[in-house]
Amino acid sequence: MYTQGLLDAKPGETAPEDTDRLARFQARIDAEEKIEPNDWMPAGYRRTLIRMISQHAHSEIVGMLPEGNWITRAPSLRRKAALLAKVQDEGGHGLYLYAAAETLGISREEMVEQLLTGKAKYSSIFNYPSLSWADIGAIGWLVDGAAIMNQIPLCRCSYGPYARAMIRICKEESFHQRQGFEIMLTLCRGTAEQKAMAQDALNRWWWPSLMMFGPSDKESQHSDTSLRWKIKRFSNDELRQKFVDATVPQGHFLGLSFPDPDLRYDDASGHWLFGAIDWSEFRRVLAGHGPCNHQRMKQRREAHDEGAWVRQAALAYARKQAKEKAA
Amino acid sequence: MSEQNLPLWEVFLRARNGLAHKHVGSVHAGDAAMALQAARDVYTRRGEGLSLWVVPSTAITASDPAEKDMLFEPTASKIYRHPTFYKVPDGVGDM
Chain A
1 MYTQGLLDAK
11 PGETAPEDTD
21 RLARFQARID
31 AEEKIEPNDW
41 MPAGYRRTLI
51 RMISQHAHSE
61 IVGMLPEGNW
71 ITRAPSLRRK
81 AALLAKVQDE
91 GGHGLYLYAA
101 AETLGISREE
111 MVEQLLTGKA
121 KYSSIFNYPS
131 LSWADIGAIG
141 WLVDGAAIMN
151 QIPLCRCSYG
161 PYARAMIRIC
171 KEESFHQRQG
181 FEIMLTLCRG
191 TAEQKAMAQD
201 ALNRWWWPSL
211 MMFGPSDKES
221 QHSDTSLRWK
231 IKRFSNDELR
241 QKFVDATVPQ
251 GHFLGLSFPD
261 PDLRYDDASG
271 HWLFGAIDWS
281 EFRRVLAGHG
291 PCNHQRMKQR
301 REAHDEGAWV
311 RQAALAYARK
321 QAKEKAA
Chain B
1 MSEQNLPLWE
11 VFLRARNGLA
21 HKHVGSVHAG
31 DAAMALQAAR
41 DVYTRRGEGL
51 SLWVVPSTAI
61 TASDPAEKDM
71 LFEPTASKIY
81 RHPTFYKVPD
91 GVGDM
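From first to last, the protein sequence lines stand for chains A and B. Under the working numbering, the residue at position 78 of the first sequence is numbered 78, and the numbers go up by one with no gaps. Under the working numbering, the residue at position 24 of the second sequence is numbered 24, and the numbers go up by one with no gaps.
Among the hints, a few may not be true.
To be verified - Keeping only pairs whose Cα atoms sit at most 20 Å apart, straight-line, the calculated EDC-like set for lysine to aspartate or glutamate is:
{"hint": "1", "chain 1": "B", "residue 1": "LYS68", "chain 2": "A", "residue 2": "ASP266"}
{"hint": "2", "chain 1": "A", "residue 1": "LYS320", "chain 2": "B", "residue 2": "ASP31"}
{"hint": "3", "chain 1": "A", "residue 1": "LYS34", "chain 2": "B", "residue 2": "ASP31"}
{"hint": "4", "chain 1": "A", "residue 1": "LYS171", "chain 2": "A", "residue 2": "ASP89"}
{"hint": "5", "chain 1": "A", "residue 1": "LYS230", "chain 2": "A", "residue 2": "ASP217"}
{"hint": "6", "chain 1": "A", "residue 1": "LYS34", "chain 2": "B", "residue 2": "ASP64"}
{"hint": "7", "chain 1": "A", "residue 1": "LYS34", "chain 2": "B", "residue 2": "ASP94"}
{"hint": "8", "chain 1": "B", "residue 1": "LYS68", "chain 2": "A", "residue 2": "GLU33"}
{"hint": "9", "chain 1": "A", "residue 1": "LYS171", "chain 2": "B", "residue 2": "ASP41"}
{"hint": "10", "chain 1": "B", "residue 1": "LYS68", "chain 2": "A", "residue 2": "ASP262"}
{"hint": "11", "chain 1": "A", "residue 1": "LYS325", "chain 2": "B", "residue 2": "ASP31"}
{"hint": "12", "chain 1": "B", "residue 1": "LYS68", "chain 2": "B", "residue 2": "ASP41"}
{"hint": "13", "chain 1": "A", "residue 1": "LYS119", "chain 2": "A", "residue 2": "ASP305"}
{"hint": "14", "chain 1": "A", "residue 1": "LYS171", "chain 2": "B", "residue 2": "ASP31"}
{"hint": "15", "chain 1": "B", "residue 1": "LYS22", "chain 2": "A", "residue 2": "GLU36"}
{"hint": "16", "chain 1": "A", "residue 1": "LYS323", "chain 2": "B", "residue 2": "ASP31"}
{"hint": "17", "chain 1": "A", "residue 1": "LYS34", "chain 2": "B", "residue 2": "GLU67"}
{"hint": "18", "chain 1": "A", "residue 1": "LYS218", "chain 2": "A", "residue 2": "GLU193"}
{"hint": "19", "chain 1": "B", "residue 1": "LYS68", "chain 2": "A", "residue 2": "ASP39"}
{"hint": "20", "chain 1": "A", "residue 1": "LYS242", "chain 2": "A", "residue 2": "ASP262"}
{"hint": "21", "chain 1": "A", "residue 1": "LYS298", "chain 2": "A", "residue 2": "ASP20"}
{"hint": "22", "chain 1": "B", "residue 1": "LYS68", "chain 2": "A", "residue 2": "ASP20"}
It should be emphasised that the hints constitute simulated quantities derived from the structure, not laboratory data.
Please build the complete structure, drawing on both the sequences and the hints.
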């Protein structure tokens, strides 16, 4: 999901003297107790969470770019106000999450540095371009829909600050998906050209949305530990299936078709079965070779560099005030 | 580029008249006025509150979770601090 880059985490390793503490830690997790910042935790738990929460934060921040691209071109004032509020929310969500990660002992500056140098990952989905207004509808409906599917169980994550940030984020995000679906519905009930725009957006965003849930359980080596530590509550494949089951009927309601010839409802299991995901595309995009990776990073770096004087001025002013107060 | 880090502030919000301020999160800012501004932008986009406090994180002294039992366990045995410890006959009515 927003933490697809967790591929190189190595949770689980512990010093031998920590065996007792590890057992007590696991007992607390099993009893559904929340772990708080100053509590003892295994190094792997801390590292996995830092990576997961910071990647989630980076995804929120980079996720402002594809939608920000359409603020000035929104078709009405109503749409513009809603999109502006949504992009502001994404910024706010990034900040809640950075704060949650900082409780684990990493600084904000370190995390920003990791993002800007490309050391940290963010969700592959934000490396796809938003080419038409319909993409704003598809992003809200599909990308935020997939994000919500992933984030609701994270509200019960064993790490307190992350769980609390997620509760806040989920509350605020429920409008995001609805505004996206409303854009899609308006286009689908409009002219043939408008409906074709909506179909084109669905065609382009469908598979990348499914990839947001991360590698298949068979390939994801760290899922077991994350589930045992109750960082995650469901596996990637379980969440992906939930998303498909929820979303396909919505697409049919819109009168759209999905770009998957193998998609069919299976009476026996009660699930929508879907075709094979092109994991080579997923790995390519995650490795930095998606359509917009370069542009997104360039924009983030420029924003950071152009804001440097503001941060410096704020600190200089604070020093001057402190000096005058002391005098 | 090496920059000096912006200090961390803890944010407390009074949700409604009559309620206490409650910790809601933290922000980075150069000084108190900017911390208030940032807290307003980050934590009150939907009418969440009526009043904000920002406190430098370094000004907070916290109890050590490892001392949790020593600090808080002794109260568990003092059941006579609760009204249910005392018996009041039925005829007395509510007390």
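Okay, the hints, checked on the actual structure:
Under the criterion of a C-alpha separation no larger than 20 Å, the hint pairing B:LYS68 with A:ASP266 is inconsistent with the structure, at around 53 Å. Proposed proximity of A:LYS320 and B:ASP31 is supported: the alpha carbons are some 11 Å apart, at most 20 Å. Between A:LYS34 and B:ASP31, the direct Cα distance comes to roughly 33 Å. Violation of the 20 Å bound is thereby established for this hinted pair. For a cut-off of 20 Å, the pair hint linking A:LYS171 to A:ASP89 stands: about 11 Å separates their Cα positions.
Between A:LYS230 and A:ASP217 the CA atoms are separated by roughly 16 Å; this keeps the pair inside 20 Å, and the hint holds. Between A:LYS34 and B:ASP64 the CA atoms are separated by roughly 16 Å; this keeps the pair inside 20 Å, and the hint holds. Straight-line distance between C-alpha atoms of A:LYS34 and B:ASP94 comes to about 39 Å, which puts the hinted pair past the 20 Å bound. About 15 Å separates the Cα atoms of B:LYS68 and A:GLU33, which keeps this hinted pair within 20 Å; it holds.
A threshold of 20 Å between alpha carbons decides the hint, and for A:LYS171 with B:ASP41 the separation of about 17 Å falls inside it, so the pair holds. At most 20 Å may separate the alpha-carbon atoms for a hinted pair to count; B:LYS68 and A:ASP262 exceed this at roughly 57 Å. The suggested pairing of A:LYS325 with B:ASP31 holds, with an alpha-carbon distance near 13 Å, which does not exceed 20 Å. The straight-line distance between the Cα atoms of B:LYS68 and B:ASP41 is roughly 35 Å, outside the 20 Å bound, and the hint therefore fails.
At roughly 18 Å between alpha-carbon atoms, A:LYS119 and A:ASP305 fall within 20 Å of each other, so this suggested pair holds. With a CA separation close to 30 Å, the supplied pair A:LYS171 and B:ASP31 exceeds the 20 Å bound. With a C-alpha separation of about 17 Å, the suggested pairing of B:LYS22 with A:GLU36 holds against the 20 Å cut-off. Using a Cα cut-off of 20 Å, the hinted pair A:LYS323 and B:ASP31 holds, with the two alpha carbons roughly 13 Å apart.
As the CA atoms of A:LYS34 and B:GLU67 are separated by approximately 17 Å, the hinted pair is consistent with the 20 Å bound. Distance check on the hinted pair: A:LYS218 and A:GLU193 sit about 42 Å apart at the alpha-carbon level, beyond 20 Å; violated. Note on B:LYS68 and A:ASP39: the hinted pairing holds, with a Cα-Cα distance of about 11 Å set against a maximum of 20 Å. As the CA atoms of A:LYS242 and A:ASP262 are separated by approximately 17 Å, the hinted pair is consistent with the 20 Å bound.
Distance restraint check for A:LYS298 and A:ASP20: the Cα-Cα separation of roughly 47 Å exceeds the 20 Å cut-off, and the hinted pair is therefore not satisfied. Restraint check: the Cα-Cα separation between B:LYS68 and A:ASP20 comes to about 18 Å, which is no more than 20 Å; the hinted pair holds.
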